[in-house]
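Engineer: Sequence:
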Amino acid sequence: MNSLLIGELSPEQPSFEPTKNKELTDEFRELRATVERMGLMKANHVFFLLYLLHILLLDGAAWLTLWVFGTSFLPFLLCAVLLSAVQAQAGWLQHDFGHLSVFSTSKWNHLLHHFVIGHLKGAPASWWNHMHFQHHAKP
1 MNSLLIGELS PEQPSFEPTK NKELTDEFRE LRATVERMGL MKANHVFFLL YLLHILLLDG
61 AAWLTLWVFG TSFLPFLLCA VLLSAVQAQA GWLQHDFGHL SVFSTSKWNH LLHHFVIGHL
121 KGAPASWWNH MHFQHHAKP
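Residue 71 in the working numbering sits at position 71 of the sequence shown, and the numbers go up by one each step.
Check the hints yourself; a few may be wrong.
Taking lysine to aspartate or glutamate pairs in the EDC-like style, the calculated list, with each CA pair at most 16 Å apart, reads [as the list claims (entries may be wrong)]: (1) LYS22 - GLU36; (2) LYS121 - ASP59; (3) LYS121 - ASP96; (4) LYS42 - ASP96.
These aren't lab readings, by the way, just hints derived from the structure by calculation.
Treat the numbers as computed from the prediction; the structure is a model and nothing was measured.
Construct the entire structure; sequences and hints are all you get.
Structural biologist: Below you can see the structure in the form of structure tokens.
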């Protein structure tokens, strides 16, 4: 990595090295401990269940609209709006499952990630994992 090293940060700048800017590092450690004590890092399973159910309900409503009212312009437009909302919401939900941040075990996170991205979004979970790992990779 020496070829990528341009220079060092000044002492007052944030750094990944624990010996640099100790005051800032200590403040972040204290903040994290406070957040964990407050339980803000624990996922609310009821929230995620309701989130999934509302996605399924909107998806069903979109298709039911076309089935009941046909494919004329207004039902088609309503269906498009509903399905757009479903796809956006399903994208964020699969993202949370993909980061393994909902359940304490990876098994359930993977299972629901595969369901949401595979069945609701129509994409393979392996594709998302590959692209997202690249997104989070350090150069």
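Engineer: Now tell me, hint by hint, if it's right for this structure.
Structural biologist: Now the hints, each set against the structure:
Only pairs whose Cα atoms come within 16 Å are accepted, and LYS22 paired with GLU36 is rejected, the gap being roughly 21 Å. Under the criterion of a C-alpha separation no larger than 16 Å, the hint pairing LYS121 with ASP59 is consistent with the structure, at around 11 Å. Restraint check for LYS121 and ASP96: satisfied, since their Cα atoms lie roughly 14 Å apart, inside the 16 Å limit. Under the criterion of a C-alpha separation no larger than 16 Å, the hint pairing LYS42 with ASP96 is consistent with the structure, at around 13 Å.
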